[in-house]
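Protein chains: 2
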Amino acid sequence: MPKSIPSADGSRLSINTATLRVQWKLADIIAGCARRNIRMISPWRDQVAAMGLKEAARQIRESGLKLSGYCRGGMFPAIDGKARSAAMDDNKRAVDEALTLDAPCLVLVVGGLPRDGEGRIASKDLPGAREMVRDGIGDLLEYARPAGMPLAIEPLHPMYAADRACINTVAQANDLCDELGAGLGIAVDVYHVWWDPALKAQIERAGGYQGRLMAYHISDWLVPTTDLLNDRGLMGDGVIDLPLIRSWMDAAGYGGAHEVEIFSNHWWKRDPAEVLAMCIARHEMAS
Amino acid sequence: MPKSIPSADGSRLSINTATLRVQWKLADIIAGCARRNIRMISPWRDQVAAMGLKEAARQIRESGLKLSGYCRGGMFPAIDGKARSAAMDDNKRAVDEALTLDAPCLVLVVGGLPRDGEGRIASKDLPGAREMVRDGIGDLLEYARPAGMPLAIEPLHPMYAADRACINTVAQANDLCDELGAGLGIAVDVYHVWWDPALKAQIERAGGYQGRLMAYHISDWLVPTTDLLNDRGLMGDGVIDLPLIRSWMDAAGYGGAHEVEIFSNHWWKRDPAEVLAMCIARHEMAS
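These protein sequence lines are chains A and B, in that order.
Counted from 1, the first sequence has number 166 at position 166 by our numbering; the numbering is strictly sequential.
Counted from 1, the second sequence has number 23 at position 23 by our numbering; the numbering is strictly sequential.
Check the hints yourself; a few may be wrong.
Since the list gives no way to pick out one identical chain from another, each pair is judged satisfied if it fits inside one copy or across any two copies.
What the hints assert, rightly or not - Within a straight-line C-alpha distance of at most 35 Å, the following computed DSBU-like cross-link-like pairs (lysine-lysine) qualify:
| # | residue 1 | residue 2 |
| --- | --- | --- |
| 1 | Lys200 | Lys124 |
| 2 | Lys82 | Lys269 |
| 3 | Lys66 | Lys124 |
| 4 | Lys200 | Lys54 |
| 5 | Lys124 | Lys54 |
| 6 | Lys200 | Lys82 |
| 7 | Lys66 | Lys25 |
| 8 | Lys66 | Lys200 |
| 9 | Lys54 | Lys269 |
| 10 | Lys25 | Lys54 |
| 11 | Lys25 | Lys269 |
Don't read these hints as lab results, they were simulated from the structure.
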């Protein structure tokens, strides 16, 4: 770590619940995080649904935890009007849930190429999918903006362009924010964007008076990476210069959480209390 | 395929020898391609070395084949001066070989983060690695330019930024061409760049009077992709809109080869004559 960058502030640590989703249910994660004096979590909709929305809101509140975000809305591209309409209804429910949970933003994984009824990719029109995403976010903003729920576009790594998200750089997300206006921001996940030569400039563009930096997700890129989805590393185990990217977020005025989000077949096999302890330690030492 | 884009011209098909490297030695590939009236190949250095450089040059010439490129130079980032010097010596040999083989360009896979003596990544300084690449290409150009061997930077997919190439977009390659001048161009491989929202504009920037479009590699992106290295698809089996990207190359004035380069554990298990027949058919039907 460069000497000029101080170690990360523990009070800014948040645990994205995907990190422990295999070992623990949401109630366990809430209790485990509260026990370790972690102040924030970012839960996923399926975990909240399994617990029940009101009960999840109650347990989170009573444990003293705050949300750093709610995962997730998005998946806008659709093969026809019916599918598009169903996706929009689901996105509105996600906004409602985020409001109930008092989340600071709803994170959007925007979707890739449209799929048919059997879930198969049904088009190669990537520019068209990107238009569907723009239109979908625009429509959802009309619902989320008056309700007071910010939407945070999460650019995903280009290796997910076809099947998960066709917004693949912070520059694209900034362009959408320019076009669609207030209530829209960006979730910067280092795993997805660390490689981007424009990253520093685009974080600067999103920061300051623009106020678009709504979330910051951390993990690490392993070499070799053995699985496109579930082989993320714990901070410090890979090649991402995390203190450097954090310094860019700091310089751009981001004051929010450092959210640990690790999809990992390796870490999902470990004792969850150990994983939590490692997240705390590595957040301080290597992020 | 959009009606406005005609099918690909068979005379422009080239076979990158990696596509058949498991089943066939270079002599088999040369004979197999000549038998199918394929006019171009793009061989790899290890295959040429195994056959002997002069013998490879002779067999290629006598079979009536031309090269569409020579794979590959690059791997510039190095942990110290000794390693950097060794890499430069090896790159000069690659230029010499490309001249002997009458290749139209030497393709550069520029390298990722520097490694230590045991081959482990030894730095997280990605901007620094990119400077090493710029300096390395600049030095190699001083050797290659007077010798008359163009160098073609191949931007690699961002998932290879750490371990194979830290030049990950056509925009970066164009920037390097702006900076380093004559004798330098770009190899556009759809597998690496298809996701890039700036691709069309950057192909336009590289084309026309700039004359930077030196190679065009085709394959397809499969969903799901099960291996980061060796799960490329045959044209038409994935999600890339190949006729669209070819139309951008055509519009930018590219008149060179369509080089089929498929790293695939699947296709490497199949009868090589069948793979070659499939390459010919899919080049015409789906590229």
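- Query: Among the hints numbered above, which are violated by the structure, and what are their numbers in rising order?
  - Reply: 2, 4, 5
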